[in-house]
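Q: Chains as they are written, first to last, in the working numbering: chain A, 1 to 71; chain B, 1 to 71; chain C, 1 to 243; chain D, 1 to 243; chain E, 1 to 180; chain F, 1 to 180; chain G, 1 to 351; chain H, 1 to 351.
Check the hints yourself; a few may be wrong.
Said to hold, decoys possible - Derived DSBU-like pairs (lysine-lysine); straight-line CA-CA distance at most 35 angstroms:
| # | chain 1 | residue 1 | chain 2 | residue 2 |
| --- | --- | --- | --- | --- |
| 1 | G | LYS302 | G | LYS271 |
| 2 | D | LYS192 | G | LYS191 |
| 3 | C | LYS141 | H | LYS214 |
| 4 | E | LYS160 | C | LYS141 |
| 5 | D | LYS6 | D | LYS201 |
| 6 | H | LYS351 | G | LYS230 |
What the hints assert, rightly or not - Simulated coverage check for chain D against chain C, where a stretch passes if three residues somewhere in it have a Cβ under 8 angstroms from a Cβ of chain C:
| # | region |
| --- | --- |
| 7 | 90-102 |
| 8 | 105-119 |
| 9 | 151-157 |
| 10 | 160-170 |
By construction, these hints were calculated from the structure, which means they are not laboratory data. Because the structure is a prediction, the values reported are computed rather than measured. By construction, the Cβ of each residue, glycine as well, lies at the ideal position given by its N, Cα and C atoms.
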Amino acid sequence: MSTIYIDKELCKGCAVCVSFCPLKLINMSDHDVNASGYAIAEMNSDSCTACAICAMMCPDSAITVVKEDKK
Amino acid sequence: MSTIYIDKELCKGCAVCVSFCPLKLINMSDHDVNASGYAIAEMNSDSCTACAICAMMCPDSAITVVKEDKK
Amino acid sequence: MSVVYKKSKMLTNVPLNYCPGCTHGIVHKLVAETLEEINAEGNVIGIAPVGCAVFAYDFFNCDMQQVAHGRAPACATGIKRCNPDKIVFAYQGDGDIASIGTAEIVHAAARGENFTVVFINNAIYGMTGGQMAPTTLVGQKTTTSPFGRGKMQGNPIKLTEMLATLDGPSYLARVSVSDPANVRKAKKAIKKAFENQVNGKGFSMVEVLSTCPTNWHMTPVQALDFVKNEMTKVFPLGVYKDC
Amino acid sequence: MSVVYKKSKMLTNVPLNYCPGCTHGIVHKLVAETLEEINAEGNVIGIAPVGCAVFAYDFFNCDMQQVAHGRAPACATGIKRCNPDKIVFAYQGDGDIASIGTAEIVHAAARGENFTVVFINNAIYGMTGGQMAPTTLVGQKTTTSPFGRGKMQGNPIKLTEMLATLDGPSYLARVSVSDPANVRKAKKAIKKAFENQVNGKGFSMVEVLSTCPTNWHMTPVQALDFVKNEMTKVFPLGVYKDC
Amino acid sequence: MDKSIIIAGFGGQGILSLGQMIAYGAIHSNKEVSWLPSYGPEMRGGTSNCSVVISEKPIASPVISSPDCLIAMNKPSMTKFLYSVKKGGLVLVNQSIINDEVARDDVDVIYVDTSNIAEEAGNLKTANIVMLGVLVGKTNIFTKESIENVIGEVFATKPKVIPCNITAFNMGYEIGVKNR
Amino acid sequence: MDKSIIIAGFGGQGILSLGQMIAYGAIHSNKEVSWLPSYGPEMRGGTSNCSVVISEKPIASPVISSPDCLIAMNKPSMTKFLYSVKKGGLVLVNQSIINDEVARDDVDVIYVDTSNIAEEAGNLKTANIVMLGVLVGKTNIFTKESIENVIGEVFATKPKVIPCNITAFNMGYEIGVKNR
Amino acid sequence: MKVLMKGNEAIAEAAVRAGCRAFFGYPITPQNEIPEYFSRRMPEVGGVFVQAESEVSAINMVYGAAGSGARVMTSSSSPGISLKQEGISYICAAELPCVIVNMVRGGPGLGGILPAQSDYFQAVKGGGHGDYRMLVYGPSTVQEAVDIMYEAFDKADKYRIPVMILGDGVLGQIMEAIELPEMVDIQTIPKKEWATDGTGVGESRRVINTLKIKPEVLEEVNNRLADKYKSLSKHEVRYEQYRTEDAEIIFVAYGTVARISKSAVDTLRDKGIKAGLFRPITLYPFPSDPLLSLSKLRSSKKFLAIELSMGQMVEDVRLAVNGNKPVDFFGKVGGIIITPDDIVNYVIKEK
Amino acid sequence: MKVLMKGNEAIAEAAVRAGCRAFFGYPITPQNEIPEYFSRRMPEVGGVFVQAESEVSAINMVYGAAGSGARVMTSSSSPGISLKQEGISYICAAELPCVIVNMVRGGPGLGGILPAQSDYFQAVKGGGHGDYRMLVYGPSTVQEAVDIMYEAFDKADKYRIPVMILGDGVLGQIMEAIELPEMVDIQTIPKKEWATDGTGVGESRRVINTLKIKPEVLEEVNNRLADKYKSLSKHEVRYEQYRTEDAEIIFVAYGTVARISKSAVDTLRDKGIKAGLFRPITLYPFPSDPLLSLSKLRSSKKFLAIELSMGQMVEDVRLAVNGNKPVDFFGKVGGIIITPDDIVNYVIKEK
Ligand SMILES: Cc1ncc(C[n+]2csc(CCOP(=O)(O)OP(=O)(O)O)c2C)c(N)n1
Ligand SMILES: Cc1ncc(C[n+]2csc(CCOP(=O)(O)OP(=O)(O)O)c2C)c(N)n1
Ligand code: SF4
Ligand code: SF4
Ligand code: SF4
Ligand code: SF4
Ligand code: SF4
Ligand code: SF4
Ligand SMILES: [Mg+2]
Ligand SMILES: [Mg+2]
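Make a model of the complete structure from these sequences and hints.
A: Okay, here's the thing in structure tokens:
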């Protein structure tokens, strides 16, 4: 199963990933704030295709994308 | 009779007028030197047409062109 | 499981200090990824401008110089002439490159200096708090054009078009990072600009239309839309020179 | 008897101190005659550059300022903004306008400042004894390009073409004074550049291909031929902007 | 005697304007005052603070090494400034986002749940005014009456928000008085 | 004793190189020497001059207020420098273009028709070398023998012109000797 | 009633009220509020605001405007002021009146943006080339800055000299309650006959020029400038003394540091130490004579120059005191502001 | 055998022999022979010559080149050096080694092109912003200029500091017979580990940076610089004394003026007046201690600073002498060179 990992401390809560994920799999947390005080983005699904669009658009390189290897 | 007057002290002997007078009426003096040491240009004819080309090309505004008024 | 995308190793571990959603960060990534792809690690000298990207000296994982406002092309000339085998790049903002540093970029381009310039056009002075830039759009409000950029403040300068009149440059392009498709194109252009240097082709510059959500008083996503809908009208994307 | 041609009253009685045959003198005349024809006497502020024409403050029969090397367009901006009803012109050499003063001319043009610039392109630094200028031709020998301008010294900058990419300027033309026909055209262009100012049309500049017999090591007449045969090849004459 | 106050928090919390309102209030009470912000790029997305000094006579130093009072609107500010507060000084803590207790017992502390009170006053943005109220209620640094002038001046261009700001101030003021 | 010489004339008269040749000659005679040109835009089409100081010991001042010797190649130079020459000093006058007599009787004057002599020597451009010859012949400022070295050095890239220059020098030298 | 204003904005408003109708500048922290204020304010009064392409350009716009008779100013901070050095030298040579504000920040290089006083030498000795001086003020409160700005344009016109206001980040950023002076009626400002206003022809031509190719002429210019500077020293020196009459240790400090030093004087007096403060208000001309007099008092034992620098003004203090008493130096540089306690502790430690 | 060389060309050749392989400059009289010489010479030794678009650009090319480890220099004259002030401040802040030649001409403004010494303050006090210094030499003969140039690059590298050679038109234009030093083998020049030569990654990354946004860091930088300047004062002071042992009147002069003053000393001695000359060779660090010692001699009655300026170095003389003896000033400015007779007459008149 492919997914993304968001580095909580790198994320600045800009919501750019949220806006560009073609499947709208990311949302802004309404409770989670990091040490710098930013409300952060979180992954909310398991249907990620590892298209990496979110990561490519993330200005802070906060997103790592992993893909399930084909067997 | 039209003619030109060359201000001896303004002339720097560059020979530009000599080169551009369509009738080749001007020449460089081989004896006359002005206070700055320049060999100067002189008018050598009375067939000037007052075309003012020499004056227009003279970088030092040394040439005044006069024309005989038509009667 | 394999990693499809992660932070480039040509970026350091230091978190970027740009405002949330500022696309300086995207461009940093593209430059870093390019350096990685052309195997430049351990062979690069970068130049940080005066502007929001001044801190770039903390972010790129290579030797870095920070130079006076607008003078990056002069600095790069000094470096590259003395180190012709190294990859040298300057990263500059619009105020830096197209205002105070106009003479430096024009002449580096005219000389055809063999380095790469990445020019971030965000139509504003970000670092100093939102003053008018040479690229500010007509009508755009800034702290020094409070009634909108008007007649007496002149028209935006199109630096890329201007440099395209010179014989020196080898590659000049304008790209944007307003959406994934454009980010991909931007990456290609930046890569080409670096490859040109490797191949000794001379001066290459990529202008990137970029955002400043903070001083535009927009959300990051609104700002990306503004780039797409407004900025590209005034600053058409494309390759302006390639030889 | 009537006088067909005499020294313009917009020139003072001070003899010009240019070298014999230097066409700075011709251009001075054209500017002076234009000022006379547009009845600007008593309403003009001129700016002398740093370069051979620095002494222009002694030659033009109007109020004059002499300003730092390359900064005439900035100075003119200061004057004209504070004196919008006066005719303001800057007279600059190629080193002055296209090297050290690149930023100033680009931005005055971009702002569309309502003054007139006369730009003397003689492809060399005359005043300082013949060093390479930004407009020096490829292959041309100067005291700082002793083996001829080569690859590492870049290509000549075509300032007029460069400024034509900007929205600000209203009139941009390149003329020459290599022969009577061209002098007449030059006069027309200069006159237009001043009339534009009178009509509030904004920035106008005329580039004049000019000679430097002394530092080109030619006779004045040879130098005029060089302009005609060599310089105009690299710097094509014409109107580059007119709106 | 001089009164020195440091106000600190996140960029968006109205730190600088809170300081300015204190300054205006002082002027309305015919006192001398200085207001000095932190400035520069570090404000970008980060913290913000300002120093206010109020005095009967011309202010010598606008720079505060140890304030009489600290208004801490977020945690980093608390950490940064707490130990500089004078012995016996006052610390106002924005309880809404600072969970910890103040680790000093030689200062007077008031915990204020600014967000809740502001919401009650009808506008979440009045959290800073709540703190102003607390400060004035506690210290009488300027008279309650002049607040209308101050708020009127600051919000001259947005008269609509004046009433809820005054409510917020009053609610804070009560807390201040209670903690005298 | 120091020997100070001012050489002055039009731009094209080889003023600076005449000065340099004197300087080279002095070095060949193991003396200290300084050569200082006038410089700047006034050289443009105008006059040119240089100051040469020769001494047994290191030269303190390369600037000459009153020279021991003036070589005046044109009239304006004569006017400019004549009265600065030391009493009892030497003035070499380029008679070819200076018609006037020297209006001082407390200096030693030699009139030299440089153009004619140079023409005789086979090259109009050697007028300055003629003057060099006169100077050396008159003052023995350096030995006649070293002139070959000097001219060889200066015209290293144009060996063809060396002979006529040496001829010109010798013709001048004779005049100098005659006027001792 | 007094108004609460930021130093930078108060300075800009004072300039407008003094008749300044042209501003040319370029953004740099910590003085951005000055150009920003003018960009809003100049249109209201029919004045000129231009954001120049650089500081180099800005100072040359000032040159042009001043040369043609305008009341004109520019402002910047340290690196930007360095770029203006050639232009300032030209302005002094051409004897043009204008006002230049430097809100000094920490240096050298890009440095920091916090307050500093490390451009003192540049301001008073002449950072550009040639022998020239400006009239330099170091105000220590917003009110004083406002009052000085208001006068600065008159002084500039009177002496045909650039006037520099040497402030720092604190002065620019602080808000204080101030009284603003009245708006000058610009019609009442005397016409400058020497200015190139465009009307010159023939005999009446005016030339603003700094090229003096003939050495005698250049010598004459420099002598005239020297006379002007002498006249400044005679008429324009300003300073404040605070509890110096019987002081044993006399602080010398200007600007923001002076007000901090004043606090320290009081604290030390409370502790029984006889401290006093000598505060130069004009940094050029430096108030050397009154300092010399103080150094001759029997009561004065030593001087302490206090600066946000590694020691610059201290040289002028030493030159004034001329060996009569020891002159020490206490300074910080980098943006950490000296506090009254720092000074008090230093004095007690050194005692 | 000695060769006859123009000062400007000799300086350029000495630089090449010292291992300088990069020159960036812009034309200006009276130093044009320097860039012109390099334009011919650099190709021969595989070095870099770039005629920059301006002095501002040239100094920033120097910054880049120096930062990446090159032996590099630039040269200019007064107005051009003013334009370099921001860059020089950056170079000092980044602690980069380089050599800068200023062939001073008359100022202020465009001024004249004849010799002057009126950029002394700019050179030694810091014309740019912030607390910084350069190592400044004022050679008085072509041979001395050559020797100093040759050493300058080593000093620059050793201290990571710009070295300025303060000459004037005479020094640049004069031809004298000189001995040229040997060509340094550039392989033997120590590698600069701190330089951004491009090999850095991760831990080994090198950063040339002058932004110190944290005040503590900026303070640290300034303290480190101050230590460096102290070390210069300890190790690099150079001066010459001429007949000062028993002198009653001691001239203090540098550069071209010093050799002229030396003539005057001899003439005065011949007339029975006990004159002597103290000649600073380093202008920063200024040789204050030896001057102080002279001022304490019973024999010395007074000092006379002689400069081609309105009086700049004289302040450093006064600071050194510290009131022990009177310090007078004699100067000319504008390009008219002081002659030995001028000095002699002045001394006799003032006696
Ligand atoms: C000589 C000088 N002038 C001005 C400044 C102040 N300054 C810092 S950054 C900046 C402009 C930044 O704008 P831009 O280049 O567009 O970069 P951005 O911050 O928008 O990325 C200015 C004017 C300076 N540091 N140095
Ligand atoms: C800041 C500065 N840099 C350099 C110079 C020296 N300088 C005087 S004129 C000149 C160039 C002149 O060339 P150009 O502008 O082409 O005019 P021209 O003499 O050819 O007419 C230079 C570099 C100067 N005076 N000021
Ligand atoms: S990788 Fe693609 S699908 Fe997965 S979260 Fe990111 S944008 Fe959405
Ligand atoms: S784009 Fe990056 S920084 Fe922005 S919200 Fe998403 S993960 Fe966070
Ligand atoms: S006016 Fe015409 S015809 Fe007469 S001399 Fe001049 S060029 Fe010749
Ligand atoms: S063109 Fe003018 S200056 Fe030249 S020779 Fe003719 S008259 Fe004389
Ligand atoms: S101020 Fe603008 S350009 Fe600078 S970091 Fe913030 S958003 Fe980006
Ligand atoms: S040097 Fe050249 S440009 Fe200058 S006056 Fe002489 S010929 Fe004309
Ligand atoms: Mg920008
Ligand atoms: Mg030219």
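Q: If a hint holds in the structure, say so; if it does not, say that too.
A: Hints and how they fare:
{"no.": "1", "hint": "G:LYS302 to G:LYS271", "result": "18 angstroms, holds"}
{"no.": "2", "hint": "D:LYS192 to G:LYS191", "result": "33 angstroms, holds"}
{"no.": "3", "hint": "C:LYS141 to H:LYS214", "result": "32 angstroms, holds"}
{"no.": "4", "hint": "E:LYS160 to C:LYS141", "result": "25 angstroms, holds"}
{"no.": "5", "hint": "D:LYS6 to D:LYS201", "result": "31 angstroms, holds"}
{"no.": "6", "hint": "H:LYS351 to G:LYS230", "result": "25 angstroms, holds"}
{"no.": "7", "hint": "90-102", "result": "holds (count 4)"}
{"no.": "8", "hint": "105-119", "result": "holds (count 5)"}
{"no.": "9", "hint": "151-157", "result": "holds (count 7)"}
{"no.": "10", "hint": "160-170", "result": "holds (count 7)"}
The structure agrees with every numbered hint stated previously.
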